[in-house]
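Number of protein chains: 2
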Amino acid sequence: MNYTPTIQPPKNSPQLAITRRTRSTPFSSRVEDFGVQAYTIYNHMLLPTRIRGVEEDYFHLRNNVQLWDVSCQRQVELCGPDAARLAQLLTVRDLRKLEIGKCALAPVCDRDGFLLNDPVAIRVAEDRFWFSISDLDILLWAQGIALGMKLDVKIFEPDIWPLAVQGPKAEDVVVAVFGEAARKTKFFRFDTLEFLGHKFLVARSGWSAQGGFEIYVDDAEIGVQLYDALAEAGKQFDIGPGCPNLIERIEAGLMTYGSDITRADTPLEAAMEQYVSLDADIEAIGLDAIRAVAKRGIDRRVCGLTIDGPKVPANRNPWPVKVGGKHIGSVTSAVWSPRLETNVSLGQLAIDYTPVGTKVSVQTPAGEFSAQVSPVPFDGATKK
Amino acid sequence: MNYTPTIQPPKNSPQLAITRRTRSTPFSSRVEDFGVQAYTIYNHMLLPTRIRGVEEDYFHLRNNVQLWDVSCQRQVELCGPDAARLAQLLTVRDLRKLEIGKCALAPVCDRDGFLLNDPVAIRVAEDRFWFSISDLDILLWAQGIALGMKLDVKIFEPDIWPLAVQGPKAEDVVVAVFGEAARKTKFFRFDTLEFLGHKFLVARSGWSAQGGFEIYVDDAEIGVQLYDALAEAGKQFDIGPGCPNLIERIEAGLMTYGSDITRADTPLEAAMEQYVSLDADIEAIGLDAIRAVAKRGIDRRVCGLTIDGPKVPANRNPWPVKVGGKHIGSVTSAVWSPRLETNVSLGQLAIDYTPVGTKVSVQTPAGEFSAQVSPVPFDGATKK
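Protein chains in written order, with the working numbering: chain A, 141 to 524; chain B, 141 to 524.
Any given hint could turn out to be false.
[Stated by the list, open to error] For the chain A half of the interface with chain B, some residues (derived, Cβ under 8 Å), not all of them:
1) Arg-160
2) Ala-490
3) Thr-494
[As the list claims (entries may be wrong)] Keeping only pairs whose Cα atoms sit at most 20 Å apart, straight-line, the calculated SDA-like set for lysine to any residue is:
4) Lys-290/A - Gly-380/B
5) Lys-466/A - Arg-441/A
6) Lys-339/A - Pro-308/A
7) Lys-290/B - Asp-292/A
8) Lys-294/B - Thr-498/A
9) Lys-151/A - Lys-294/B
10) Lys-151/A - Arg-192/B
11) Lys-151/A - Gln-177/B
12) Lys-151/A - Gly-175/B
13) Lys-151/A - Phe-254/B
14) Lys-151/B - Asp-173/A
15) Lys-151/B - Ser-169/A
16) Lys-290/A - Gly-175/B
17) Lys-294/A - Ala-429/B
18) Lys-290/B - Gly-288/A
19) Lys-151/B - Arg-192/A
20) Lys-151/B - Lys-451/B
21) Lys-151/A - Ser-169/B
22) Lys-294/B - Ser-169/A
[Claimed, not checked] Over 10 Å on every C-beta distance to chain A, these chain B residues come out as not near it, computed from the model:
23) Ile-181
24) Leu-333
25) Leu-336
26) Arg-440
27) Pro-458
It should be emphasised that the hints constitute simulated quantities derived from the structure, not laboratory data.
Glycine included, each C-beta is placed from N, C-alpha and C at the ideal position.
With the sequences and hints as input, model every part of the structure.
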């Protein structure tokens, strides 16, 4: 699916053409008023990727608190008599114990066990599920299956624009707006909290290791008022717009579907075995295939690497990883960490080379550099 | 699915963050060496949208010849015993007469008749079809249906990166590289032509009204050699990189899926009735629903409008269209035409207001302007 030679970053910095097709969000005007520097498109929707600068955003996220417009985390809603059956078909994780109020990372696989998505699933009501999806039209996958199997279930993308509050001061800001009740919400659980008389589903979750909440905004107008109230409440902590940060997420070992893991991987190569219910007696697409992979064992696996040398350029294609001239894997996301003073990266290596400390070399567009397999998260990574 | 108030274009011009997930193409380096100004993401892949400037690209396309990196026109390949059955299930157009060598615009609809895609379908062999899709993961739709119905068909995205040659000099350039045989290929037909001993599927098609070819490049390395050979052969016509052009495509009435037509429309509101086989005895998803719509009649329809006043800004959300204060539709794509000296646009209007010449007003981010329904293509549009 990918054309993969190591190519240089573009010499100039092409703009993103914004049209109706690249859907804007209720919060786009706020993000743009602040001066967002870069966007990507994710699930056919704008996702900010750089607000002040990658390194500036990184320190601000670690030290303060940020409002993230992650509207692009689109929900696929299943509701009706066959909703629970379809939800289970869609993921290789046993959902029988997914209670209302819990979040679960629920890998979605194709018939052959290959990853289509790594969404967070929640059960909103007995016969109603949301899959908060990464960048692929799982809506069509679910609808195609339901049509083919004649299931009695309604499947659609509801008007929900998640807004994340992330960073060490996130709890204080959310409590200031939603009240003390928010403090009680446990990690990867959600509660219903009120703002301006509107009930919001609020989860303690988010795509950083700095802690925080994700608010499932289902009313654009009140959502903007909520955004402004959070911004006001966070002034004392220098709150500002933010977004998933390349440095922070690599250090935390958060993999991007489409970059670090793709449809070429089962959840086992993707180091997601804890989310696969290999022994459960469930009807789940791809589970038998993954069982077969588990039985024969995997030959490569996602891991972290520190890369020596100067700051590497942006990683737009997998970079070859070698040992003694032999190609043994690739680096899929890499960036300079100004805190750890080394390049941190995620990639996939042949299984024999995955032990922490293994020395390899990485061929970047800036040249070939020595590298070593690192523990993930990276915080314990040895500085040169 | 869309948040639709009229919002301003961003004050600054955010860059596109390019990563592995926003797949690069075999031709990205060529386009970037030339200095591409803007990209969008389409089917998870880079698509140039502005090379020299929208107006400069427009005149260059009309007068010369351009090489378009439309690798993002991904193919969904169906092959195997049930390929023909699935191909027909996927589109509401009767494919029984789709011979090898013909191209057919084949609307893909959901169960309720709403548009999922407006691909061009070709039959590569008796049991082998390609759908050249617009921006939605039809791959998953087809695979979900096949899985649910237990069809015996292989469905995948082949490594094919279409390269278009568009403009009045396109034929001369393609003939210079592929030989005189290329002249014989009729509109919306394809032939197999050779370059460096490699056989390419070459169709006379493309997303402009200026004429040209689309080459289905299935080998990245020879593809780049082909690109360079076309560039060399076109030097006398000032050939250069190009891309679908906003002005040209609106003037031609070419609708963008996701902007001008969406899943809120059946092919009838989308003015695609000529591609719907209402009377055919075929098994096609959504066809019954469209028959019901045809029976009761549509209440809105895609049409062209010229908008008075100064150059309108980029259109990122539908702009309300009114008559006497009453909301009667929206404009979904708009741009200044330097040749027609008016703003040209596409939108959807309540059916009573669709006759050519109907006067309306459009609320743009720059203010409210008078407008009139125009024939499409726009060339005959009356200048003010």
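These are the hints, each one checked on the structure:
no., hint, in the structure
1, Arg-160, "holds (4 Å)"
2, Ala-490, "violated (19 Å)"
3, Thr-494, "violated (20 Å)"
4, Lys-290/A - Gly-380/B, "violated (51 Å)"
5, Lys-466/A - Arg-441/A, "holds (17 Å)"
6, Lys-339/A - Pro-308/A, "violated (25 Å)"
7, Lys-290/B - Asp-292/A, "holds (18 Å)"
8, Lys-294/B - Thr-498/A, "violated (40 Å)"
9, Lys-151/A - Lys-294/B, "violated (40 Å)"
10, Lys-151/A - Arg-192/B, "holds (15 Å)"
11, Lys-151/A - Gln-177/B, "holds (11 Å)"
12, Lys-151/A - Gly-175/B, "holds (8 Å)"
13, Lys-151/A - Phe-254/B, "violated (42 Å)"
14, Lys-151/B - Asp-173/A, "holds (7 Å)"
15, Lys-151/B - Ser-169/A, "holds (10 Å)"
16, Lys-290/A - Gly-175/B, "violated (51 Å)"
17, Lys-294/A - Ala-429/B, "holds (17 Å)"
18, Lys-290/B - Gly-288/A, "holds (8 Å)"
19, Lys-151/B - Arg-192/A, "holds (15 Å)"
20, Lys-151/B - Lys-451/B, "holds (17 Å)"
21, Lys-151/A - Ser-169/B, "holds (10 Å)"
22, Lys-294/B - Ser-169/A, "violated (44 Å)"
23, Ile-181, "violated (4 Å)"
24, Leu-333, "holds (22 Å)"
25, Leu-336, "holds (19 Å)"
26, Arg-440, "holds (16 Å)"
27, Pro-458, "violated (6 Å)"
Checked against the numbered hints above, the structure breaks hints 2, 3, 4, 6, 8, 9, 13, 16, 22, 23 and 27 and satisfies the rest.
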